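So the sequence shown is numbered by numbering that gives the first Met the number 0: it starts at 0 and just counts up by one.
To be clear, the hints were calculated from the coordinates, so they are not data collected in a lab.
Here the structure is a predicted model, which is why all the values come from computation and not from measurement.
Honestly, I wouldn't trust all of these hints.
Said to hold, decoys possible - Below, in silico cross-link-like pairs of lysine to aspartate or glutamate (EDC-like), each with a Cα-Cα straight-line distance of 16 angstroms or less:
1) 281 - 3
2) 291 - 245
3) 6 - 90
4) 209 - 174
5) 284 - 186
6) 286 - 186
7) 138 - 77
8) 65 - 3
9) 140 - 224
10) 128 - 106
11) 167 - 182
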Amino acid sequence: MKLEEGKTYTFNALKTVELPGGEVNLMLKGPDGNKYLLPLTYYQGYNLVSQGPLQCKIDKINCSGKVFLEPVNPFYNEGESYLFDVRHKSEYTDSDGIRCWSVTVSDRHGNLINVPSELVTGLKEDAKKISLVVERISKGKLYFTRRREADDLDRLDEGNIYDFRIIKTVSGPDDEPCYAAADIYGDVHLLQVRYYSHYGFKVGASFRGKVVRYSSGSRKTVEPENPWFKPGDKMRVTVASCSPLETGEGFICDGFDENGFSHTLTLSQAPAGNSLICRVVKIRKGKPVIEKAEE
């Protein structure tokens with residue numbers, strides 16, 4: 000059985016495990032028969048028990064195949080609206096000279112959450128509560144639905160490949176450097192520089208990109224074609240290090256390909272030699288996701 004991002008499954012809690020450094024985890028057995036570790040520090044107030052069934056969503060599967068679990072929140076569901084207590088609010092002027100509210104609310108676990116300013120534009124000064132829609136929950140933290148933006152790729156179909164052109168480099172969310180890329184309709188989309196700087200993008204350069212979703216329920220985004228790899232390609236990876244997984248089932252190996260790019264692989268058995276033949280499953284955020292190819 001293969002677990003899928005965005006789907007919820009029943010796991011079985013086996014015991015708590017303290018890792019070197021003092022981090023306490025709950026060891027879970029998944030419906031696929033594998034064991035997983037859930038860091039308990041993110042889930043204070045969830046009343047998680049050391050034994051018994053536990054519903055968890057597959058929050059993310061990263062490029063090395065590591066699975067990140069999100070236990071079902073006892074009070075909140077994604078996509079639903081709730082009233083939150085306003086703990087702090089102040090007014091400020093943004094870079095465009097527009098007066099905005101900075102608002103902090105608390106959830107039922109007592110966590111303080113900063114609310115995007117666009118969601119509290121009409122908030123009254125004496126407001127004690129505010130209604131917000133929970134967009135997603137990750138590591139026990141609530142994220143609220145933002146206003147729809149021009150970068151939603153409404154006019155581009157998921158799964159299709161389009162031509163794009165880099166028009167400039169800008170500051171994106173959280174002031175992160177981004178490439179601003181125009182599509183065939185002239186709509187502009189942001190690509191984080193840290194994922195694609197090795198592609199050699201310059202202002203005025205064109206590239207082909209596929210419209211994808213990285214996980215179920217996430218927004219569409221653009222994944223530029225990788226200059227070196229495409230899904231289905233095979234490559235030789237030289238193994239640099241290999242160590243057992245914390246769950247005791249399988250191994251995690253670090254290596255590099257013939258172009259010098261680094262890769263991380265999760266294997267059921269330690270490699271017999273110092274190299275592996277691997278297959279490119281997909282490209283995600285500028286990096287090939289690979290798996291050991293069948294002999």
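- Item | residue 284 paired with residue 186 [C-alpha distance capped at 16 angstroms] | Not satisfied, since the Cα-Cα distance of roughly 20 angstroms exceeds 16 angstroms.
### Query
Within a Cα-Cα threshold of 16 angstroms, do residue 6 and residue 90 meet the stated pairing?
violated, 40 angstroms
CA of residue 209 to CA of residue 174, is that 16 angstroms or under?
With a Cα-Cα distance of about 25 angstroms, the restraint between residue 209 and residue 174 is violated, given a limit of 16 angstroms.
Just to be careful, I want the Cα atoms of residue 138 and residue 77 compared with a cutoff of 16 angstroms; is the pair within it? With a Cα-Cα distance of about 13 angstroms, the restraint between residue 138 and residue 77 holds, given a limit of 16 angstroms.
Exercise. For the pair supplied as a hint, residue 65 and residue 3, confirm whether the alpha-carbon distance does not exceed 16 angstroms.
Key: holds, 12 angstroms
Original post:
Does the structure keep residue 140 and residue 224 at a Cα separation of 16 angstroms or less?
Top reply: violated, 33 angstroms
Taking 16 angstroms as the top limit, are the C-alpha atoms of residue 167 and residue 182 close enough?
Distance of about 13 angstroms is within 16 angstroms: holds.
*residue 128 and residue 106: Cα distance at most 16 angstroms?*
Holds: residue 128 and residue 106 sit about 11 angstroms apart, inside 16 angstroms.
Starting from residue 286, check that the Cα of residue 186 is at most 16 angstroms away, please. violated, 25 angstroms
Between the alpha carbons of residue 281 and residue 3, is the straight-line distance 16 angstroms or under? With a Cα-Cα distance of about 15 angstroms, the restraint between residue 281 and residue 3 holds, given a limit of 16 angstroms.
Does residue 291 pair with residue 245 here, judged by a C-alpha cut-off of 16 angstroms?
Roughly 20 angstroms between the alpha carbons, so the hint for residue 291 and residue 245 is violated.
Violated hints, in rising order: 2, 3, 4, 5, 6 and 9; the structure is consistent with all others.
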